[in-house]
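There are 2 protein chains.
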Amino acid sequence: MSYYKHHVFFCLNQRDNGQACCAQQGAQAGFDHCKQIVREAGLAGVGGVRVNKAGCLDRCAGAPVAVVYPEGVWYTFVDQHDIDEIVESHLKNGKPVERLMLAPEVGR
Amino acid sequence: MSYYKHHVFFCLNQRDNGQACCAQQGAQAGFDHCKQIVREAGLAGVGGVRVNKAGCLDRCAGAPVAVVYPEGVWYTFVDQHDIDEIVESHLKNGKPVERLMLAPEVGR
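For the protein sequence lines, the chains are A and B, in the order given.
Heads up: the first sequence is residues 1 to 108, going by full-length UniProt numbering.
Heads up: the second sequence is residues 1 to 108, going by full-length UniProt numbering.
Derived from the structure by calculation, the hints contain no laboratory data.
One should not assume that every hint holds.
Identical copies carry no separate label here, and so any pair may be met within one copy or between two of them.
List time: in silico DSSO-like cross-link candidates among lysine-lysine, alpha-carbon distance up to 30 Å [stated by the list, open to error]: (1) Lys-35 x Lys-5; (2) Lys-5 x Lys-92; (3) Lys-95 x Lys-5; (4) Lys-95 x Lys-35; (5) Lys-92 x Lys-35.
Please build the complete structure, drawing on both the sequences and the hints.
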């Protein structure tokens, strides 16, 4: 049994050298929104969902990115509607959102 | 197939309100050491090991803590020798280190 049923990590990395980074692509807004609606839906906590800040996940070419463990599903997202869909479909109902998944070859 | 075979998240959270936090308990040193020896051992990268910074993992009572996914194994550690053992036994040879695992009831 996993301590959290779904443990979500959002890359919030900020690069100051001009290279692409999640922080420039709305990562903080996605994290904040996800955290809020997971809490409002009553999904947060032990045995449920944990929404976590993370440093660089090293898949910057798909920024902004997040990963859900233990299932190891990687997402990219554009706006709050994408986050809503991930929460409703995947985190609440256990059905990963195919259309938002990172392609396997997306790396740094 | 998981993008990373082992994805390790170290809580580096710093609390400024006097509450316990991983940053006060040597988390940064553990992270830095782990990152360095994983790299030196040639384990780092896609299909291998990723050592990541994370915000509060909400198991502060066991600080400092780290979690390894996708297997969902949680650790607490005291010094660099503990990190060495996690890298050698778990990340290199696939055998989690029982003596360093967080007890299931350890929470915030």
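Hints, verified against the model:
1. Taking identical chains as interchangeable, the C-alpha atoms of Lys-35 and Lys-5 lie at most 30 Å apart whether they share a chain (15 Å) or sit on different chains (27 Å).
2. For the homomeric pair Lys-5 and Lys-92, the shortest alpha-carbon distances inside one copy (10 Å) and between copies (26 Å) are both at most 30 Å.
3. In this assembly of identical chains, the alpha carbons of Lys-95 and Lys-5 lie at most 30 Å apart whether taken from the same copy (13 Å) or from different copies (23 Å).
4. Taking the shortest Cα distances, Lys-95 and Lys-35 sit within 30 Å of each other inside one copy (19 Å), while across copies they are farther apart (33 Å).
5. In this assembly of identical chains, the alpha carbons of Lys-92 and Lys-35 lie at most 30 Å apart only when taken from the same copy (13 Å versus 34 Å across copies).
The structure is consistent with each of the numbered hints, conforming to all of them.
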